[in-house]
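Chemist: Kindly produce the complete structure, drawing on both the sequences and the hints.
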Amino acid sequence: MTAPGGSAGVRHPIFETGPRLALCALLQGADWVEFGTARDLVGVSDSAVSKHSRTLEDAGYLEIRKGSVGRRPRTWLRLSGTGRAALVSHLAWLAGLRDAVDAPRQT
Amino acid sequence: MGDAVSDTPELARVAAARRALSEHAGFPTSYWVVTGAALVLMAGIPIWASFLPGGLPGVQWALLGVAAAAAAWAVLRRRRSGVALPRSVRAYPGARRVRPLVFLVTLAGLASIHLLVGNGQRVVALVVLVPVAVLIVLGNMWVRARMRDDIAAGRVTP
Numbered sequence: 001m002t003a004p005g006g007s008a009g010v011r012h013p014i015f016e017t018g019p020r021l022a023l024c025a026l027l028q029g030a031d032w033v034e035f036g037t038a039r040d041l042v043g044v045s046d047s048a049v050s051k052h053s054r055t056l057e058d059a060g061y062l063e064i065r066k067g068s069v070g071r072r073p074r075t076w077l078r079l080s081g082t083g084r085a086a087l088v089s090h091l092a093w094l095a096g097l098r099d100a101v102d103a104p105r106q107t
Numbered sequence: 001m002g003d004a005v006s007d008t009p010e011l012a013r014v015a016a017a018r019r020a021l022s023e024h025a026g027f028p029t030s031y032w033v034v035t036g037a038a039l040v041l042m043a044g045i046p047i048w049a050s051f052l053p054g055g056l057p058g059v060q061w062a063l064l065g066v067a068a069a070a071a072a073w074a075v076l077r078r079r080r081s082g083v084a085l086p087r088s089v090r091a092y093p094g095a096r097r098v099r100p101l102v103f104l105v106t107l108a109g110l111a112s113i114h115l116l117v118g119n120g121q122r123v124v125a126l127v128v129l130v131p132v133a134v135l136i137v138l139g140n141m142w143v144r145a146r147m148r149d150d151i152a153a154g155r156v157t158p
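Just so you know, the sequences run in chain order A and B.
Counting from 1, position 86 in the first sequence corresponds to residue 86 in the working numbering; the numbering is continuous, with no gaps.
Counting from 1, position 36 in the second sequence corresponds to residue 36 in the working numbering; the numbering is continuous, with no gaps.
Just so you know, these hints were derived from the structure itself, not from any lab.
For glycine and all other residues, C-beta sits at the position ideal for the given N, C-alpha and C.
Certain hints may be false.
Said to hold, decoys possible - To spell it out: a stretch of chain B is covered by chain A in this simulated footprint if at least three of its residues, at any positions, have a beta carbon under 8 Å from a beta carbon of chain A; those stretches are:
id, stretch
1, 72 to 82
2, 100 to 109
To be verified - Partial list, computed: chain B residues near chain A (C-beta under 7 Å):
id, residue
3, 10
4, 14
5, 158
Modeler: Rendered as structure tokens:
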């Protein structure tokens, strides 16, 4: 679905549940973000990050890498190329929607 | 996307997440103080060497040690912070534009110290040394600030 007002963005409903959009926006600017850091920066619970990251991984939008720092196990998250493109498109759709809503108010 | 992103809750959350991440692009004040001090020592090598009859033997090993320590610190910081930002400045459109200017200023500053020492102007070189180091540090702070802005605006392309 393209945004009203002729914007090039396309709606991706997968980003509309829980903190998925914020999580992906966070990952957009980084190579990798550690699970706990992503949880703290987005301000959600462990289980929310775990559940939504798994859904995004299944959709091919997120890459999850498990490793360790010293003896501590760590999980790292990264936005895939597909996820990045989908996020940019969804954000453009949202911005187009906002502009379309704002336009009648301004006239 | 500018300030208008806060118009909808979804876009406001996106802006907040980006802002939170952008904080990781900054360095603590202590980092800049240590960098400034190290720059004074390293940029002043031609001056210190000119005061010693035998020059500074093994200075290349000291520089190698500084470089290795800086690289180790960067890796540790990257691991401990939980955020791995793109290493290349090419990923940051805003920072990419100012980086060559900072590089040129650094090069000009270091070359001027070399030239002054070569022409026997050691006192002038000493006077110039600290302002050159401050200018280089300020330039690098500027690049980091642009990186922060790029992350907060969602312009980064890893």
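Chemist: Hint by hint, which ones does the structure fall short of?
Modeler: The structure breaks only hint 2.
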